[in-house]
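Residue-level listing of the chains:
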Amino acid sequence: EPEVTQTPSHQVTQMGQEVILRCVPISNHLYFYWYRQILGQKVEFLVSFYNNEISEKSEIFDDQFSVERPDGSNFTLKIRSTKLEDSAMYFCASSGDRGNSPLHFGNGTRLTVT
Amino acid sequence: TQLLEQSPQFLSIQEGENLTVYCNSSSVFSSLQWYRQEPGEGPVLLVTVVTGGEVKKLKRLTFQFGDARKDSSLHITAAQPGDTGLYLCAGGKAGANNLFFGTGTRLTVIP
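For the protein sequence lines, the chains are A and B, in the order given.
Note that this note's numbering gives residue 83 to position 83 of the first sequence, counting from 1, and the numbers run on in steps of one.
Note that this note's numbering gives residue 83 to position 83 of the second sequence, counting from 1, and the numbers run on in steps of one.
Simulated from the structure, these hints should not be mistaken for lab results.
To spell it out: a stretch of chain B is covered by chain A in this simulated footprint if at least three of its residues, at any positions, have a beta carbon under 8 Å from a beta carbon of chain A; those stretches are:
1) 43-51
2) 98-108
The list that follows gives simulated cross-link-like pairs (lysine to aspartate or glutamate, DMTMM-like), each with its CA atoms no further than 20 Å apart:
3) A:K78 <-> A:E68
4) A:K78 <-> A:E18
5) B:K93 <-> A:E59
6) B:K93 <-> A:E56
7) B:K93 <-> B:E5
8) A:K42 <-> B:E41
9) A:K42 <-> A:E85
10) B:K70 <-> B:E5
11) B:K93 <-> B:D67
12) A:K78 <-> A:D62
13) B:K93 <-> A:E44
14) B:K59 <-> B:E15
15) B:K93 <-> A:D97
16) A:K78 <-> A:E53
17) A:K42 <-> B:E38
18) A:K42 <-> B:E5
19) A:K42 <-> B:D71
Even glycine gets a Cβ: it sits at the ideal position worked out from N, Cα and C.
Here chain B stands alone, though its shape is the one from the complex (with noise of 0.2 Å):
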């Protein structure tokens, strides 16, 4: 089993405010992918990564895969309630065609 961790598990923050999550493995990966869920439907992907040390913007987003490729975070710029939802991160193994999901984080931008 290829274990992804994701932290903070659960983040209530105010609007305009800045946040991290973190996504940590000890496992080697060959791509990171980062979805959003909404409640009542899929994961809706993000971004992909697949090199170590990338580095990503989308709008007020920011994505980096670590040097190792074991780990990833996600950083928010002045969050705002539409950046509400569930944060998934999701780790490709090279020549396999399932992707693992890490626990989650569950992020609440208060107006």
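Looking at chain A on its own, in the form it has when it is part of the complex (with noise of 0.2 Å):
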């Protein structure tokens, strides 16, 4: 069964630097998000993606944050100088419709800053 991957599955850096968090979403999915999940605490929504632009993002996806779609297979979420309150699991999703569509998530990319 295709699936969504994810790398690194962990990361670490320190505060202040660029990170880019990578994605190969389910290759005809037309929709992509990006979730974080702090330790302990609920899966928070970022930011979805359609048709090459941003679609709807939430109040944590500041300026800090940026998302691409460089070619036709990757999906990638660049926080630019990270915080330590940043630190948490990164989820990539996709989906085949929006709505009620299911989510499809990755496993996760666990981002330590220090």
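Quick one: dock chain against chain with the hints and give me the complex.
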């Protein structure tokens, strides 16, 4: 069964550094998402992406965050200048449609900012 | 913010027992999805319910969407150790791309 893959599985970075988290969504999906989960807390929506542009974003997704689909397969999340509070699991997801369609999640990237 | 509260937050039961997990909100959702998350992995979809009052069964799991589409429940019959995990409900809004996740219920089934 096709799956969403994320790399790296774990990223450690120093405060103020830029990080890029990478995702390969399911190939025939059209909608792409980033969520994050701070340890012990709930899964939070960051951003959704469709037709090469952001379709929705949350308050968390401020100017420090950006997303890109540089080619036909990759979907990236960049954090320009990381803060300690950015430490979390970051999950990429994709779906074939919007609304009630199920999301297929990757296994996440654990970001640790020191 | 569309708040989805799950209860209980933690649940530890013996193998063979039955349990119910609740997902409540003051908001109306067009759909309600239930996911299960294992440590170190992303959430995996269990079911989607879209009609008020809808009941769906998945083997020993029974999911119900409230008549007003503001709440949902997950009932597990004869729980097994393999059911251990974090159960998440997530609500979708018509025309929106994102899901609002609940606070989660961490279930432990003791052999």
